[in-house]
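Taken in sequence, the protein lines are chains Z and U.
2 is the number of the first residue of the first sequence in the working numbering; add one for each residue after it.
811 is the number of the first residue of the second sequence in the working numbering; add one for each residue after it.
Please keep in mind that the hints were generated in silico from the structure rather than gathered at the bench.
Note that beta-carbon positions come from the ideal geometry of N, C-alpha and C, so glycine has one too.
Heads up, a few of these hints could be off.
Straight-line alpha carbon distances no greater than 30 Å define the calculated BS3-like cross-link-like pairs of lysine-lysine that follow [claimed, not checked]: (1) U/845 x Z/145; (2) Z/145 x Z/225; (3) Z/225 x Z/318; (4) Z/204 x U/845; (5) Z/195 x U/845.
Partner residues are not named here, just some residues of chain U that face chain Z (Cβ under 7 Å, in silico) [unchecked claim]: (6) 822; (7) 853; (8) 858; (9) 860; (10) 861; (11) 867; (12) 882; (13) 885.
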Amino acid sequence: MSKPLQPFDVLVVGGGPAGVAAAVRAAECAVRVGIVDDNLALGGQIWRADRGGRQVTEAEEWRRRVAQAGVTALFGMRVFHQPEPGVLFAESATDFCELRYRTLVLATGARERFLPFPGWTLPNVMGAGGLQAMVKVGLPVRGKRVVIAGSGPLLLAVAAYLRRYGAEIPLICEQATWRQLARFSASLIAQPQKILQALQLRKEIAGIRFLANSWPQVARGHGKLESVTISCAGKSEDIACDYLACGFHLLPNNELASLLGCEIRHGCVQVDEYQQTTIAGVFCAGEPTGIGGVELSLIEGDIAGLAATGRRDDSRKLFGARRRFRRFASLLNETFALRDELRSLPSPETLVCRCEDVPHARLRDQSSWRAAKLHTRCGMGACQGRICGPATEFLFRWNPDSVRPPVFPARVENLAAVAESLEPSAVIGGYPCTGKA
Amino acid sequence: MPEEITLTVNGFPVRVPSGATVAVAVVSAGQACRKSVTGQPRSAFCGMGICYECRVTIDGRHHCRSCQIVSTPGMDVRTDE
């Protein structure tokens, strides 16, 4: 290690809309800027490139801007530990890297919220965004029957996408009430951009059966999904299908922020008006600060990128736009808030923790998330409670624990580096990663 | 149409579009990715590297998240390990 360890002036974790906006803004000041992402390309979940060559125009434009701005982009690399402030450890499928920074922007995005119901662990029951992501990377759905269920505007976008790829969509189930949906639609009048999107979407999903007040009750199949029973207004209906695409709106990915000690309230990373967290020099933008969609993420990323490079006055010019999109975000989250009936979806045998196979019956008498972890191993598996934690928060009103390192499962040889402070095989600070496994 | 590549899942050849992830190959082959701790078949679920349900063994390396890894020609993928 003869090279000097030059840190990034601004390191962005997460390459979705908020992350790329922050990185491009920060790079305007000609500082050393890096962006690191677990995925194989920029764009996050929303702009995940389509293997078939259909690119999201806006995403392409941002990729070009990131490249032109001279941002060092590291893909397929997941941050799992902060040994000390200013240093992050990350690993890829084969490499281990130490990333140094002066200022950090967390843009770790969102994931889908999943709720347990009988049969939800069967193969071919997937997240709604999850199935879309799989189709984007090559899963054929032509001629397949896909029931889409859960909550949130993502369900409609997924329906439109899958239909474009030849899937048959017998039904979309939304748990929100018609009244909530009507109020949401009416409010779009204040958001002209959203109206255009909604009209386009409506055209694309025309003719697909849509039910409000409905949810998946049981998924059935031998070895894999064959049918799903849907509950709507007290009635049940069985529908044969190849896939069930199922997600209940979105959740902030706040684990890394939590590991760094940032204050988190109601699952959202707390930030000041410049998107700075409660840890000085650590900013946060996009979905981790509260689910709000792509436009809000871009603006928060802009503000974070400007403020992280000392341009607070410039960032203030964007506060008005951010306020407007935040109003839309609160309405979004009110509309798609989960209804109480969904708490009674699991049967006693339904597995709530998929990693450790812990059924609902073993959890309902536990007093807290911590007690459940200690007594049942719920949340102790590979996903570290990312799936069952939010589910139990809703089902039992438990509060999640603090996060411990490593924030993602890491390979033993890399954990050894953490434990013994061994010299990492690669140090990145604007230098190419030359690490080995 | 983009060209296809061939890899093996549990020793059987599977053709997928180039650029497809390993999870796509496993699901296309009609296989589950892993057995849960009580022996249930599990397959790709979140599709974005969070849930770890799609873990497989790739070229001898255990616990690879197949939804985050692109297939390459001749790759040896094993499920249920």
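Hints, verified against the model:
no., hint, result
1, U/845 x Z/145, "holds, 25 Å"
2, Z/145 x Z/225, "holds, 14 Å"
3, Z/225 x Z/318, "violated, 53 Å"
4, Z/204 x U/845, "violated, 42 Å"
5, Z/195 x U/845, "violated, 43 Å"
6, 822, "violated, 17 Å"
7, 853, "holds, 4 Å"
8, 858, "holds, 5 Å"
9, 860, "holds, 5 Å"
10, 861, "holds, 5 Å"
11, 867, "violated, 13 Å"
12, 882, "violated, 12 Å"
13, 885, "violated, 12 Å"
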